[in-house]
Amino acid sequence: MKIVEKTFDIVSETGRLIIKPLEKSDYESWLDGFESRKPSQHRHDEGKRDMSNCTEEWFRDLVDKHQELAISDTAFVFGLFRKTDGVHIGMVDFSTLVRDNFQWGSIGYSIHNHQWRNGYGQEAVKEALEIGHKHLNYHRIEAHINVDNEASFQLAERVGMEYECTRKGFIYEFGDWTDNLVYFKNSI
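Numbering-wise (UniProt numbering), the sequence shown opens with residue 1 and increments by one.
Watch out, some of these pointers could steer you wrong.
Stated by the list, open to error - Ranges between beta-carbon positions, derived for each pair:
1) 174 / 101: 31 to 41 Å
2) 15 / 151: 13 to 23 Å
3) 97 / 177: 17 to 27 Å
Quick caveat, the hints were computed from the structure, so don't treat them as lab data.
Where is the CB? At the ideal position from N, CA and C, for every residue including glycine.
Please build the complete structure, drawing on both the sequences and the hints.
Structure follows, in structure tokens:
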């Protein structure tokens with residue numbers, strides 16, 4: 001059974017976005033996306049950060065690392081780019097949780113905060129779920145969302161993910177074990 005396509009060949013388009021693995025030629029757009037961020041808007045928004053260590057050489061190594069993770073079926077990272085001008089607006093990623101009889105993965109998503117309220121998150125995550133089911137062959141895709149991240153769980157609901165449960169003490173972050181809402185979408 002073929003598990004995944006070569007992810008560096010997967011490119012998907014929506015009405016306004018191109019979703020694809022990062023390429024070494026994406027450096028300037030990627031860097032500008034992060035450097036254009038506003039200060040953090042809430043605790044789940046990393047906001048503006050120091051990008052001085054993110055040189056072009058560092059970025060080339062990052063792209064290579066993403067390809068290694070994809071080849072090993074560990075993780076799949078996709079950049080989100082606006083079609084009209086190539087602006088990098090965020091990222092979507094998948095992690096393989098279990099293959100075998102489960103074909104189970106998780107999804108993460110992030111839109112640069114200066115690009116919020118344009119509908120990019122919904123457009124990108126809806127298409128990313130299609131990529132996860134059709135190209136990465138996940139039957140079940142979960143989003144693990146902090147219980148106080150209302151924008152994220154509202155987005156999960158808008159793209160057709162269903163709330164399943166709250167996992168107590170599920171992920172170690174912010175210096176503690178945090179509870180997470182679990183949203184899922186199965187392939188049809």
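Outcome of the hint check:
1. 174 / 101: 31 to 41 Å: Holds, since residue 174 and residue 101 (Cβ atoms, about 34 Å apart) stay within the stated range.
2. 15 / 151: 13 to 23 Å: holds, 22 Å
3. 97 / 177: 17 to 27 Å: Between residue 97 and residue 177, where Cβ atoms are some 18 Å apart, the hint holds.
Going down the numbered hints, you'll see the structure goes against none, and every one checks out.
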